[in-house]
Amino acid sequence: MGSCTDEELMGLVQKQDVSAFEELFQRYEGRIFSFFWRLSPNRQEAEDGTQETFLRLWKARARYEPEGKFSTYLFQIAKNHFLHERQKRGRRMDSQQVSDETAEPASAERVDGPMLAGEVRVAVTEAVGRLPESLRLAYVLTEQEGMSYKQTAEILECPVGTVSSRKVEAVRKLRELLEPLRDELWGDGRQ
Amino acid sequence: MRSCDKYQADIVALFDNEAGDDDLRLAGGHLQNCPQCRAFCLDLIAIRRIQTTAPVPSLSPAARQAVLDGFKATQSGHSESRRARFFRLATLVRWAAVLVIGVLAIACLALGRTAKDLRTRLGTAEQQVAAIHEQAKLAESEERQRKALSALYFRMAELEERVNRGSPSQRASFPVQAYDRAERQNNL
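Chain order of the listed sequences is A and B.
Residue 38 in the numbering used here sits at position 38 of the first sequence, with consecutive numbering throughout.
If you want the numbering used here, it's the 1-based position in the second sequence plus 191.
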């Protein structure tokens, strides 16, 4: 079972093979959990998202086409669940969009004195969590999951050029959000 | 001429291994002369470095177990729902059979009653036809008697005529002379 590719395992899952499903779960649980964690750094939400993603994978196993890459299929399910949950909570797609007027100051302004390295990391994670969802998804998939623009485009169901422009826009927004932390950012690097 | 936006997009693409050698060369040349894009590039490096060192928690064993339990529950729920669907179907079939039998029984009852009814009507009709036949026979025999009587009167009238044309003695001896002609006509 361990030598099988993801796609072969998924073929077995389509034939109701439970052990193949457990193998896929072991391979991807960490990535899916960190994907949700990076989109929204909340343990409970990330755990719920991971659970729901794998349950949906089991339920939607018949729709999987072996021609496609398994990880793309799985991350599509995770992305759809993430967006669905956001909509369910009554939040608009871009309700958390950070504009010049609404952007909250970065954490550095709320503490006295220089931040510790751990706090800077938390501030950066929080800043990613405050990006608009479309930019956040593109940023997390390419930057933190290390996916190519092509695979990200397949997951987000948009053109490759859109992924590229969203990524650049996300970096710009992050720079704006982390502007008050500029010294700490570089200080952290120097530590 | 390329804008800083385009160069910044190239810089991001370079970090993501999505840019070619030409983009690298152009961006490198631009970075030497553009402090804004250089700052952009340095910030990108700093953010990336912090994020790669940021710890990401892993799924807790309890949550992992919950996922597997949830999956197993879905599986048993799935088989349970199949069982439930089977029983629902069986009940449906049973009720359908009862319904069909009921409809057939009612239909048979109705048909039996109708047949009995028809048989009774047929008997009555047959009796009526027989009565009509009887009447017809009676009428026919009366008609025959009337015709015979008429023929008899006609014959008698002929005989009377013949007698009248004969001798007076014969005429006197013929008993029909006394019979009134007009009365005979009325009888006819």
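Just so you know, the hints here were simulated from the structure itself, not pulled from any lab data.
Don't be surprised by glycine CBs; every beta carbon is placed ideally from N, CA and C.
Warning: the hint list may mix true and false statements.
Some, not all, of what chain A presents toward chain B, calculated at C-beta under 7 Å [stated by the list, open to error]:
#1 Glu-47
#2 Leu-55
#3 Thr-125
#4 Leu-156
Hints and how they fare:
no. : hint    : verdict
1   : Glu-47  : holds, 4 Å
2   : Leu-55  : holds, 6 Å
3   : Thr-125 : holds, 6 Å
4   : Leu-156 : violated, 15 Å
Hint compliance for this structure: hint 4 is the single one not met.
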